[in-house]
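Number of protein chains: 2
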Amino acid sequence: MKVIAHPDKLNKALKGLKHRGANIGFVPTMGALHLGHLSLIKQAVRDNKIVVVSIFVNPAQFGPKEDLHKYPRPLKRDLALCKAAGVDLVFCPQQKSMYLPGFATYVEVNGMSNLLCGAARPGHFRAVATVVAKLLNIVRPDLLYLGQKDAQQAMIIKKMVRDLNFPVKVKVVPTVRQIDGLALSSRNAYLTSAEKIKALVLVKALLLAKSLIVHGQRDAGRIIRRMKELINKKQQVKIDYVAIVDLAELKPVKKINQPCLIALAVYIGKTRLIDNGIVNYV
Amino acid sequence: MKVIAHPDKLNKALKGLKHRGANIGFVPTMGALHLGHLSLIKQAVRDNKIVVVSIFVNPAQFGPKEDLHKYPRPLKRDLALCKAAGVDLVFCPQQKSMYLPGFATYVEVNGMSNLLCGAARPGHFRAVATVVAKLLNIVRPDLLYLGQKDAQQAMIIKKMVRDLNFPVKVKVVPTVRQIDGLALSSRNAYLTSAEKIKALVLVKALLLAKSLIVHGQRDAGRIIRRMKELINKKQQVKIDYVAIVDLAELKPVKKINQPCLIALAVYIGKTRLIDNGIVNYV
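Quick note, the sequences are listed as chains A and B, same order. According to the working numbering, the first sequence is numbered sequentially starting from 1. According to the working numbering, the second sequence is numbered sequentially starting from 1.
No lab work stands behind these hints: they were computed from the structure. In this text, all values refer to a predicted model and were calculated from it rather than measured experimentally. Treat each hint with caution, since some may be false.
Stated by the list, open to error - Derived coverage of chain B by chain A (criterion: at least 3 residues anywhere in the stretch with Cβ under 8 Å from a Cβ of chain A; other residues may be distant): (1) 101-115; (2) 122-134; (3) 156-162.
Think of the CB as a built atom: it goes at the ideal place given N, C-alpha and C, for glycine as much as any other residue.
Please model the entire structure based on the sequences and the hints provided.
Take a look at the structure:
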């Protein structure tokens, strides 16, 4: 496994492989790899001859009051995990080689970027779209792997790929959960053991919603209200949003008469966690 | 020479060539080809094994009151010129296959895009950057050819390529002029013969500026004033802007003590024409 820090070097390392026609799978990450990332990586290893993983904590996608500085960066462990999983190339660039002096170009996916998580995190999805566009141009993969856990991010990137004709196919891989249902996230590391139990309220709220729908409830407003009631019973848990939206534009739906995404973000103490589920059994 | 209308088909046609390692040169145009375009195409033919020319009058880069509908579209003639010049593939997509329903993604090069021509044409350079990003992803060339005539456009695209790591080298090809000095432009077709004579004021103003500098004038404000005086002597000629700017960010310079761009836009009757010259003999 090669570890490469500079975009130009990665480009060169990949150019030879490209000419030999090898399929390249790409998994962009911010490191602090967990079984969710590894599920993406394993899928990429199954599908492609060459697998590239990027590890880059992209400062641009963190708000001024967010957790950029404390975000976990266990690089050695991450590299060992990549190697064990069969990754061929790890790209871990420095900030200064990703954002040259005078950097001024941004990719914006209008509409979806200011909803849900985008409402609480202005500029976040612009920064995500921009860095993924850069990474796609550096790596030039045939397949791009994204996690369903970050549903809005996956939808925005898919839209960007379509709208800007990036020559890559996007695969969205299911969320990996602990046995108790908590969705894996690098930010779970911030939680105390008491908070980890409280955090189960996310998956519980999703299950409540699905159960209501299975039992015939179709009124999105009522379902959201029931989810919020459930969450508000927990102390030190604060709702950012609970939403039921369509899968094309992430716009709120009133009646559940089409496949939709149930998504929520809550603060468990100081840690912001998200989760979501797709409902398509209507 | 192949003529291809759909992005997917072009992508497929090029994929085979790519694997065989052929260098691809790309000249994006809006058609109505003149000797300026042909100079780009000839340079591309000299440099590359495969040359792709796109012909697409991109509606998004025209303002609501601009000349989208009357913009010349002599497709047959353009194709004959491409064939004679040795072009391998002409890509002439329809609007609906370039902008799918729900299109919402834009590439914005901040800073430079709202100056000079961008001030009079809001959104123009965002649309240019976006369509060029799309074309680069569809064609995936090794070399991209742009004309110095559209100096601001060339600089914005170069910045975008750098900032977003597009794996392409940009070559800017000198402006081609008539024997009398008028820079070639598809929009010259709008001019009456009387206006064509009036239009020489652009190159005359540039020559005046260069002559002042050669004779020791370093005060950009004075040079601009002299250029404006010259232009204002002509009837039915209206100045949009006359500017002397740096080559990195297109910011106005006060003293000419670095290489800089002298750029101007004027209306000759109803036709907006631009021209520019680089001064590097300081």
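Quick rundown of the hints versus the structure:
no.	hint	verdict
1	101-115	holds (count 11)
2	122-134	holds (count 4)
3	156-162	holds (count 3)
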